[in-house]
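J.: Each chain, written out:
Protein chains: 2
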Amino acid sequence: MEIGITGVGHTQFGKSEKDVGDLMLEATMGALSDANTKIGDVDAIYVANFSSGFESQCHLPAVLSAKLGVDKEITRVESACAAGGVALKQAAIALESGLYKNVLVVGVEKMTGSAVDDATKIIAAAASKQEMLHGATFPSLYALMARAHFAKYGSNEEHLAKIAVKNHKNALSNPLAQFRKEVTVEDVLNSKVVASPIKLLDCSPITDGAAAVLVSIGGGSSGVNLVGIGHDVDSINIYERKNIASMPAVSKAAEKAFKMAGINVGDVNVTELHDCFTIAELIEMEELGFCKAGEGKNLIDEGRTEIKGDTPINPSGGLKAKGHPIGATGVSQVVEIVRQLRGECGERQVKDAQVGLCCNVGGSGATAVVSIFSR
Amino acid sequence: MEIGITGVGHTQFGKSEKDVGDLMLEATMGALSDANTKIGDVDAIYVANFSSGFESQCHLPAVLSAKLGVDKEITRVESACAAGGVALKQAAIALESGLYKNVLVVGVEKMTGSAVDDATKIIAAAASKQEMLHGATFPSLYALMARAHFAKYGSNEEHLAKIAVKNHKNALSNPLAQFRKEVTVEDVLNSKVVASPIKLLDCSPITDGAAAVLVSIGGGSSGVNLVGIGHDVDSINIYERKNIASMPAVSKAAEKAFKMAGINVGDVNVTELHDCFTIAELIEMEELGFCKAGEGKNLIDEGRTEIKGDTPINPSGGLKAKGHPIGATGVSQVVEIVRQLRGECGERQVKDAQVGLCCNVGGSGATAVVSIFSR
Numbered sequence: 001m002e003i004g005i006t007g008v009g010h011t012q013f014g015k016s017e018k019d020v021g022d023l024m025l026e027a028t029m030g031a032l033s034d035a036n037t038k039i040g041d042v043d044a045i046y047v048a049n050f051s052s053g054f055e056s057q058c059h060l061p062a063v064l065s066a067k068l069g070v071d072k073e074i075t076r077v078e079s080a081c082a083a084g085g086v087a088l089k090q091a092a093i094a095l096e097s098g099l100y101k102n103v104l105v106v107g108v109e110k111m112t113g114s115a116v117d118d119a120t121k122i123i124a125a126a127a128s129k130q131e132m133l134h135g136a137t138f139p140s141l142y143a144l145m146a147r148a149h150f151a152k153y154g155s156n157e158e159h160l161a162k163i164a165v166k167n168h169k170n171a172l173s174n175p176l177a178q179f180r181k182e183v184t185v186e187d188v189l190n191s192k193v194v195a196s197p198i199k200l201l202d203c204s205p206i207t208d209g210a211a212a213v214l215v216s217i218g219g220g221s222s223g224v225n226l227v228g229i230g231h232d233v234d235s236i237n238i239y240e241r242k243n244i245a246s247m248p249a250v251s252k253a254a255e256k257a258f259k260m261a262g263i264n265v266g267d268v269n270v271t272e273l274h275d276c277f278t279i280a281e282l283i284e285m286e287e288l289g290f291c292k293a294g295e296g297k298n299l300i301d302e303g304r305t306e307i308k309g310d311t312p313i314n315p316s317g318g319l320k321a322k323g324h325p326i327g328a329t330g331v332s333q334v335v336e337i338v339r340q341l342r343g344e345c346g347e348r349q350v351k352d353a354q355v356g357l358c359c360n361v362g363g364s365g366a367t368a369v370v371s372i373f374s375r
Numbered sequence: 001m002e003i004g005i006t007g008v009g010h011t012q013f014g015k016s017e018k019d020v021g022d023l024m025l026e027a028t029m030g031a032l033s034d035a036n037t038k039i040g041d042v043d044a045i046y047v048a049n050f051s052s053g054f055e056s057q058c059h060l061p062a063v064l065s066a067k068l069g070v071d072k073e074i075t076r077v078e079s080a081c082a083a084g085g086v087a088l089k090q091a092a093i094a095l096e097s098g099l100y101k102n103v104l105v106v107g108v109e110k111m112t113g114s115a116v117d118d119a120t121k122i123i124a125a126a127a128s129k130q131e132m133l134h135g136a137t138f139p140s141l142y143a144l145m146a147r148a149h150f151a152k153y154g155s156n157e158e159h160l161a162k163i164a165v166k167n168h169k170n171a172l173s174n175p176l177a178q179f180r181k182e183v184t185v186e187d188v189l190n191s192k193v194v195a196s197p198i199k200l201l202d203c204s205p206i207t208d209g210a211a212a213v214l215v216s217i218g219g220g221s222s223g224v225n226l227v228g229i230g231h232d233v234d235s236i237n238i239y240e241r242k243n244i245a246s247m248p249a250v251s252k253a254a255e256k257a258f259k260m261a262g263i264n265v266g267d268v269n270v271t272e273l274h275d276c277f278t279i280a281e282l283i284e285m286e287e288l289g290f291c292k293a294g295e296g297k298n299l300i301d302e303g304r305t306e307i308k309g310d311t312p313i314n315p316s317g318g319l320k321a322k323g324h325p326i327g328a329t330g331v332s333q334v335v336e337i338v339r340q341l342r343g344e345c346g347e348r349q350v351k352d353a354q355v356g357l358c359c360n361v362g363g364s365g366a367t368a369v370v371s372i373f374s375r
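Protein sequence lines, in the order shown, are assigned to chains G and F.
Residues 1 to 375 (our numbering) make up the first sequence, in order.
Residues 1 to 375 (our numbering) make up the second sequence, in order.
Don't read these hints as lab results, they were simulated from the structure.
Keep in mind that the hints are not guaranteed to be accurate.
The list cannot tell twin chains apart, which means a pair is met if one copy fits it or any two copies do.
Stated by the list, open to error - Here are the simulated BS3-like cross-link-like pairs (lysine-lysine), alpha carbons at most 30 Å apart as the crow flies:
#, residue 1, residue 2
1, K18, K121
2, K256, K38
3, K38, K152
4, K181, K162
5, K252, K308
6, K152, K351
7, K72, K121
8, K252, K192
9, K101, K259
10, K242, K18
Same shape as in the complex, but just chain G (with noise of 0.2 Å):
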């Protein structure tokens, strides 16, 4: 079954003065205006959410159902920060049970409401309560992969650095973007450090912001299909993981999404990937296939994920630097690469792409959804 991508909508990522209800509202209404249709022409709608703690606001679907004055069927998925990609699953399994047409996706989270304190305890709560019990943090849980990646492959600093300003620089040209200035290597060396080896430069903000994404059976006038997606879940605890420099779930998935589009790696033209920390984004990138695993070092080294290489990697600027409302992430990542296809991202454009990948990572890499798109 064709399913074609027939609009997508986006809000300013960083601190909004907007509610979680009309983040959602404006995502959709730019989804909707996109598209050129209406509410009415909505058969379901998947909402992407990481956690009411911000904003005691559970029950989101009703939020949204008041914003948009109609009652349908709306639903709630979360799957810690890979909840938006979770949400594209199910609309993409909805429109394949032949009982809907067209189906919306909105992800939003409205961060900077709580306080930084507060804001990372309600974080905290996807990853392994185990772990957090004996001091982890999501930093230290990023540092401990980033430490065993470097005692395995031979990655350092350097190369997490230079992720941090490759994706900085990307966002420079993308106006939604939360920071929109470059740093160097040495700014990411020399900032303060969080976790070692993560530093303040090596991880993604708190951010307010929405995505949203209609998708149909049949595709549509934007040209984009979603061809492939896969979805895995393993286990919270990373203790439990065989080699803690990696994320099978990435892997999984993207076997999954691989066979389901019938292409391989070698045909990706642009990726959008979950740089939540910069380790994530070198592990990611072997997970994902682009290099073997410990190899991703040299295609930082090469500059081959900048957007002239030939592996460009988060265009957007990625999490790290476009900002990451948690469950707006996922469908951001999307945004952005419909956007690519389309060839309407101006200085970032990906030349000639014709296939895109997105990967949207949930807790320290127990949820995993690889997506692929082909225009």
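Starting from the known structure of chain G, arrange chain F on it as the hints suggest.
T.: Structure of chain F alone, referenced to chain G:
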């Protein structure tokens, strides 16, 4: 397509020593054992859970993966107290897509770990923030509905008390119920006022528990099929409702479910509905079409909603007496209906039940899922 219920599992409801992961595991193993199958044969899992607030644990798909020791396509869904119903609907869509053969639905909530004040705040996140900011609480919103119902239809506190009395009586023969203690109309009327006319014994309790249902293409050994399911979500603000003594989402969801099942309300032999407060049972009876709006009080007075009546409602004891672990509730309703249709319910068995209905409601009625089962 035929969708069979191949297995059900259900923990004790009440205060549990187990955490959210172990509760999910127990219900899952129960359903797998009942289905005489293994986790390896399950293609996808939907987890229904309301809030990470109680245990500071989101990302339950990865928690369940750790408990089961397998990687899977696991997705959490939430729509306030209707999470369980919504999860069942996602499972039905997944089967309908033809991509999956066996899908597990697990509902869970671990609520007693929080102080009661905290629990009240966490639950309030399911309601309209706008209404809450003006001083409303969940009991007070339902109290408004009750007052409106009294004024419009001549129902009264005694009708509500009779609902509590019936549900407590039914729970006496449900070994998994939280409260196995009879109450009288006087007990209810004399219990502490929470938000007039809602009294303590009109309210469902805070509960730990989990329930699981395995649904499969082509039916199964249990002989019970899911024959219809409907879902509707309207505005989170009850002030926008034309008639506050109504829940339009329930009647819309019911209409869809009956249409899909090709039957009407007169064919239903046994019903589990969402009595988070006693007034909810009264309004839902009317919205489901068991009687006209305003006539529910007659069914109550005539004893027709008792197990031996012609319209038995909540033989399990309902949310009121069986308990209301929020994310588990919608799945628990299904477990009871399946056991009723299999004739396994002993003293609380509804005689010759062939068709059963579940009505799961979220928030103050904005989300509703109605499902219909037949043997």
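J.: Of the hints stated earlier, which fail here?
T.: 3, 6 and 8
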